[in-house]
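Note that the sequence shown ends on residue 242 in this note's numbering; no numbers are left out.
Worth flagging that the hints you see were computed from the coordinates, not collected in a lab.
Glycine is no exception: its CB is placed at the ideal position from the N, C-alpha and C atoms.
Check the hints yourself; a few may be wrong.
[As the list claims (entries may be wrong)] Just the calculated beta-carbon pair ranges, DEER-fashion: (1) LEU26 x LEU162: 24 to 32 Å; (2) LEU17 x LEU77: 18 to 26 Å; (3) ASP35 x MET157: 20 to 28 Å.
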Amino acid sequence: VVIGVLTFLLSSVLNNLTVVIVMVSLLQKLVKDDDFRMKLGGLVVVASNAGGAWTPIGDITTTMLYISGQVTTVPLLANLFLPSSLCLVGAVGYEYLQMADEPFSDTAESKTEEVPEGQALVFWGGLFGMISVPIFTALTHCPAWSGMMLVLGLLGMISSLLHGPEHKRFSLRAALARVEVSDALFFLGVLFAVGALEKVGLLKDFAFQLNSWLGGAEALVAIMLGFASAVVDNVPLVAAAQ
């Protein structure tokens with residue numbers, strides 16, 4: 001239960017993939033049973049997706065809709081918090097009933113690692129900055145990406161002030177060097193491809209066809225898109241549905 005709720009809350013303000021990686025790493029240290037750890041890993045994925053759905057910064061798909069102006073912060077929170085919470089409760093409840101009582105290891109190995117100066121300041125500053133992006137956008141009417149770039153710049157300045165040139169691995173440049181460029185290029189390629197399909201009119205024609213097949217029922221269209229996301233990557237699906 002704690003794992004699911006913690007994942008749900010973290011993924012509402014942090015990137016889903018980041019939260020899944022962190023929680024799975026935590027499970028590898030805490031859970032000794034392989035089968036049980038895999039079940040918890042599945043629960044982490046479900047909780048992460050549920051938590052990222054109800055905030056404009058929790059998942060890349062909701063962020064895409066937020067940046068394009070198709071959703072706003074308050075209606076998104078009001079309409080999706082309850083369904084997302086029910087998704088979490090259902091998944092956690094089912095797994096809780098299936099669990100045995102011996103999962104967690106009490107012999108975790110303790111490793112001493114260098115703790116960078118100002119770690120808490122950078123973490124909470126970055127978290128508060130990301131949460132404040134919707135407020136920044138509403139007050140300044142600037143695009144959402146500009147708020148994220150402002151937060152990134154402030155974190156880079158704080159890191160530079162906390163660590164001198166001799167601590168290069170704690171700098172913003174070192175952090176950006178660890179970014180998965182292949183993932184960024186994948187998302188860029190998807191958006192280019194979807195933009196090309198939209199430009200030639202194929203997406204519009206497909207939308208009209210789907211609407212006519214389902215009799216104009218918006219709820220059925222949304223359900224069909226949900227099932228499609230099980231086999232098609234969410235990013236191109238949302239980009240095509242905009």
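Here is how each hint holds up against the structure:
1. LEU26 x LEU162: 24 to 32 Å: holds (26 Å)
2. LEU17 x LEU77: 18 to 26 Å: holds (22 Å)
3. ASP35 x MET157: 20 to 28 Å: violated (47 Å)
Checked against the numbered hints listed earlier, the structure breaks hint 3 alone; every other hint is satisfied.
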